[in-house]
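> Chain A is fixed; fit chain B onto it per the hints.
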Amino acid sequence: MEGSKPKLKLAIYWAAACGGCCVSVLDVHEKLFDVIAAADLVFWPIALDIKYEDVEQMPDNHIDVTLFNGAVRNSENEHMAKLLRRKSIILVAYGSCSHLGGIPGLANFSTKEEIFRRIYEESESTINPEKIKPLPQFEVKEGILNLPVFYNDVRALAQVVDVDYFLPGCPPQSERLLEVFAAIVSGVELPPKGSVIGAETKAQCDECTREKTENKRIKKFYRPWEISDDGVTCFMEQGVLCMGPATRAGCGWRCIKGNAPCRGCYGPTPGVTDPGTKMMSAIASIIDEKEPEEISRVLEDVVDPAGLFYRFSLPVSLIRRKLS
Amino acid sequence: MRTITIDPITRLEGHGKIEIFLNDEGEVNNVYFQVPELRGFEKFCEGRPVEELPAIVAKICGVCPGCHHMASGKAVDAVFGVEPPPTAKKLRELFYMAHFVHSHTAHFYALAAPDFVVGPYAPPSKRNILGVIEKVGKEIGTEVIKQRRLAQEIQALLGGHQTFVVMNIPGGVRKGLSELERDDIIDKAKGFVEFAKFTLKIFEDFVLKNNEYIDIILNGPYTLKLHSMGLVDANNKVNFYDGKVRVVDSEGKELYKYSPVEYLDYVAEHVEPWSYLKFPYLKKIGWKGFVEGQNSGIYHATPLSRLNAADGMATPLAQKEYERMYSTLGGKPVHAILAMHWARLIELLYSAERCLELAMDPDITGKELRSPLGPIPGEGVGIVEAQRGTLTHHYWTDEKGMVTKVNIIVGTTNNHAAICMSIKKAAQGLIKKGVEVNNGILNMIEMAFRAYDPCFSCATHCFPGQMPMILEIREANGELIQRLIRD
Numbered sequence: 001m002e003g004s005k006p007k008l009k010l011a012i013y014w015a016a017a018c019g020g021c022c023v024s025v026l027d028v029h030e031k032l033f034d035v036i037a038a039a040d041l042v043f044w045p046i047a048l049d050i051k052y053e054d055v056e057q058m059p060d061n062h063i064d065v066t067l068f069n070g071a072v073r074n075s076e077n078e079h080m081a082k083l084l085r086r087k088s089i090i091l092v093a094y095g096s097c098s099h100l101g102g103i104p105g106l107a108n109f110s111t112k113e114e115i116f117r118r119i120y121e122e123s124e125s126t127i128n129p130e131k132i133k134p135l136p137q138f139e140v141k142e143g144i145l146n147l148p149v150f151y152n153d154v155r156a157l158a159q160v161v162d163v164d165y166f167l168p169g170c171p172p173q174s175e176r177l178l179e180v181f182a183a184i185v186s187g188v189e190l191p192p193k194g195s196v197i198g199a200e201t202k203a204q205c206d207e208c209t210r211e212k213t214e215n216k217r218i219k220k221f222y223r224p225w226e227i228s229d230d231g232v233t234c235f236m237e238q239g240v241l242c243m244g245p246a247t248r249a250g251c252g253w254r255c256i257k258g259n260a261p262c263r264g265c266y267g268p269t270p271g272v273t274d275p276g277t278k279m280m281s282a283i284a285s286i287i288d289e290k291e292p293e294e295i296s297r298v299l300e301d302v303v304d305p306a307g308l309f310y311r312f313s314l315p316v317s318l319i320r321r322k323l324s
Numbered sequence: 001m002r003t004i005t006i007d008p009i010t011r012l013e014g015h016g017k018i019e020i021f022l023n024d025e026g027e028v029n030n031v032y033f034q035v036p037e038l039r040g041f042e043k044f045c046e047g048r049p050v051e052e053l054p055a056i057v058a059k060i061c062g063v064c065p066g067c068h069h070m071a072s073g074k075a076v077d078a079v080f081g082v083e084p085p086p087t088a089k090k091l092r093e094l095f096y097m098a099h100f101v102h103s104h105t106a107h108f109y110a111l112a113a114p115d116f117v118v119g120p121y122a123p124p125s126k127r128n129i130l131g132v133i134e135k136v137g138k139e140i141g142t143e144v145i146k147q148r149r150l151a152q153e154i155q156a157l158l159g160g161h162q163t164f165v166v167m168n169i170p171g172g173v174r175k176g177l178s179e180l181e182r183d184d185i186i187d188k189a190k191g192f193v194e195f196a197k198f199t200l201k202i203f204e205d206f207v208l209k210n211n212e213y214i215d216i217i218l219n220g221p222y223t224l225k226l227h228s229m230g231l232v233d234a235n236n237k238v239n240f241y242d243g244k245v246r247v248v249d250s251e252g253k254e255l256y257k258y259s260p261v262e263y264l265d266y267v268a269e270h271v272e273p274w275s276y277l278k279f280p281y282l283k284k285i286g287w288k289g290f291v292e293g294q295n296s297g298i299y300h301a302t303p304l305s306r307l308n309a310a311d312g313m314a315t316p317l318a319q320k321e322y323e324r325m326y327s328t329l330g331g332k333p334v335h336a337i338l339a340m341h342w343a344r345l346i347e348l349l350y351s352a353e354r355c356l357e358l359a360m361d362p363d364i365t366g367k368e369l370r371s372p373l374g375p376i377p378g379e380g381v382g383i384v385e386a387q388r389g390t391l392t393h394h395y396w397t398d399e400k401g402m403v404t405k406v407n408i409i410v411g412t413t414n415n416h417a418a419i420c421m422s423i424k425k426a427a428q429g430l431i432k433k434g435v436e437v438n439n440g441i442l443n444m445i446e447m448a449f450r451a452y453d454p455c456f457s458c459a460t461h462c463f464p465g466q467m468p469m470i471l472e473i474r475e476a477n478g479e480l481i482q483r484l485i486r487d
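Each protein sequence line maps, in turn, to chains A and B. The first sequence begins at 1 in this note's numbering and counts up by one. The second sequence begins at 1 in this note's numbering and counts up by one.
Excised from the complex, chain A in its bound form (with noise of 0.2 Å):
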């Protein structure tokens, strides 16, 4: 190594997350063999053989970069978040899950109890007449089992810990986690704490690869499978929802090219609060309609609106959660 500056000491970690953070690291494909070359991997339980007792006894900051993905769901995730920030200099919220609460968020629609009652009780293919349910503190004749505590709700990491930057997306692509990476790697003066990195500053929709005729007026919003989609047309335009309004840009528009709407897993544009009003506005702005019963008759095409709204940031948002 030349005797010059240390490797980077990289770690990556998954909390209440599905793989595909992990999985968008492996989508590097060929370039992996660069990042193992630059950055030692200290810890990455998908692929590395590196131990609970090694990140105990790390001393704290001991961890240049620790990249985050999951949220935090029970008293495990949140005992994590608590000790890769403690051993971390750089904390990066990785992924929507980490970012805004992602996808397992939506269970904030809903109690523990609730959510219990369905899975153990009610579910169909379930057979349980003493309604058993998982508990923290077991103990069976030979001794005692524990579980981690399921919360209440759904956090994001940067309501369980102090988060230094944010990469969203679901997953981030892996083409921003390289940039990010060379970067870091390089060594040049990164943006302030709590930024957002590797994703842009404009809306989906300043750079969609849709065709959009900006004066366009609608009177029916359409559920996606009842309009014929042009394979061109903004997909407002065509009255099908999209997310791009009030979402960020940066994600290459995947699930566009794939010909469906965005649904906002790169988190609302800057200085925008809250994603839910920004896309009442868009959605406002589109009516072609003067009456409000003639605006509200439109508005109820736009069914279960908290849910697309906040499809990736409900934890996040004003609402947050069901309160019982």
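Hints should not be assumed to be uniformly reliable.
Stated by the list, open to error - Below, in silico cross-link-like pairs of lysine-lysine (DSS-like), each with a Cα-Cα straight-line distance of 27 Å or less:
(1) B:K146 to A:K31
(2) B:K209 to A:K220
(3) A:K7 to B:K197
(4) B:K126 to A:K7
(5) B:K244 to A:K31
(6) A:K9 to B:K138
(7) A:K133 to B:K288
(8) A:K219 to B:K400
(9) B:K283 to A:K131
(10) B:K332 to A:K31
(11) A:K133 to B:K283
(12) A:K131 to B:K288
(13) A:K9 to B:K126
(14) B:K332 to B:K244
(15) B:K400 to A:K322
(16) B:K197 to B:K288
(17) A:K131 to B:K197
(18) B:K135 to A:K31
(19) A:K220 to B:K138
Unchecked claim - Selected chain A positions facing chain B (Cβ under 8 Å, derived; list incomplete):
(20) C21
(21) R223
(22) I227
Note that these hints are calculated values from the structure, not bench results. All C-beta atoms, glycine included, are put in the ideal place defined by N, C-alpha and C.
Relative to chain A, chain B alone:
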């Protein structure tokens, strides 16, 4: 009584934990494999428009999102009471074969091969994908990464994104295939077939030619006599995308063959208070506890069970390998769970061949992508074979197609009880009075569940592969006697 906690850094990594209780003789009394996680998709899908579900449920697992997308797409079709046109069906299956190529490739090289190519007793620091590359050479390592990339590219082309595909819409698919794109897929698929053959050759050279490994596979504490489940086509050949679910008993005789809509008559789930994950079993036999054999209700749904449950493979090269595996291992059904690695590679070859077949099918570039929709009947079941087992999605909606209820039985969940029992058997076979519990033994126990699917994918959302382990042996009063760290 002593307790051994094999904790794959549960409190830290948080996705799987093994507790082994020893008796006073130092022998294994009982073993618990616990799944400490739950996210509750079944509940929070309620209230959503049903057409959004294929994209939402894909987020159950980032390792096999395509499986959930497909099972969900089929369930949504059923909710609308439609069948997609032939082109759409074939495009879905084409996507799905690329998904299998990507997943089975990643699985074998990154997760399974370290135990066999590098060796079960190799230093743990070498027992990972980098160790495999070191052993087989960087050239081959690069080829593995390339083939997986090409499979991801096919998925991205057909589904918008290589991971979280947005392909399915009620009654069909959102996007067709041009002839130029089709030609490119044909080239890639030809490469997959060669690559799958090459991978089987690696398996032969490193595993089958090593008598010690064959002995471990056949005579180690890794045999579990269970019923086998798998999706089959009209000729009872293995199929991943469509067909009926067939269950053969532990002696290889057909027990049931049912359509997706009938699944509730055949499968039920049991709840234990010490795990967040449920335990499916064959309903007509009933839950008899964690026991193996002909009278038990426990089955497995894995690459090996799929091969056991079928009469063969639908493509020629895979069929030849299928016959070779059963003649080498002493006929059907095979209960040696480590043979799952072999079965998985036979499936890799099948996926590659089927991918090529579909790409060359004249229908694949057809223009009819969606079937017209009528009134919404409001209930539907979709079943596919996920890489890690039979995957069932069942939705109910109101007359507008808004979701009122969801029931999901995930691939790996099928195998929860089987995994528990395999771990117990391995522990009982390896931990004996007077035998020092060392790192090698830990890895041998780990191999018991790695065979099923080191990914634990959707069920636990865990991707362990090489899971670090801490093993503590304690007196009943909690006093630590021995602590071992498998690093």
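> Decide, hint by hint, whether the structure agrees.
Now the hints, each set against the structure:
| no. | hint | result |
| --- | --- | --- |
| 1 | B:K146 to A:K31 | holds (11 Å) |
| 2 | B:K209 to A:K220 | violated (67 Å) |
| 3 | A:K7 to B:K197 | violated (39 Å) |
| 4 | B:K126 to A:K7 | holds (20 Å) |
| 5 | B:K244 to A:K31 | violated (42 Å) |
| 6 | A:K9 to B:K138 | holds (23 Å) |
| 7 | A:K133 to B:K288 | holds (19 Å) |
| 8 | A:K219 to B:K400 | holds (20 Å) |
| 9 | B:K283 to A:K131 | holds (18 Å) |
| 10 | B:K332 to A:K31 | violated (43 Å) |
| 11 | A:K133 to B:K283 | holds (20 Å) |
| 12 | A:K131 to B:K288 | holds (18 Å) |
| 13 | A:K9 to B:K126 | holds (19 Å) |
| 14 | B:K332 to B:K244 | holds (20 Å) |
| 15 | B:K400 to A:K322 | holds (25 Å) |
| 16 | B:K197 to B:K288 | violated (42 Å) |
| 17 | A:K131 to B:K197 | violated (50 Å) |
| 18 | B:K135 to A:K31 | holds (20 Å) |
| 19 | A:K220 to B:K138 | violated (57 Å) |
| 20 | C21 | holds (7 Å) |
| 21 | R223 | holds (6 Å) |
| 22 | I227 | violated (10 Å) |
This entry does not satisfy hints 2, 3, 5, 10, 16, 17, 19, 22, going by the numbered hints stated previously.
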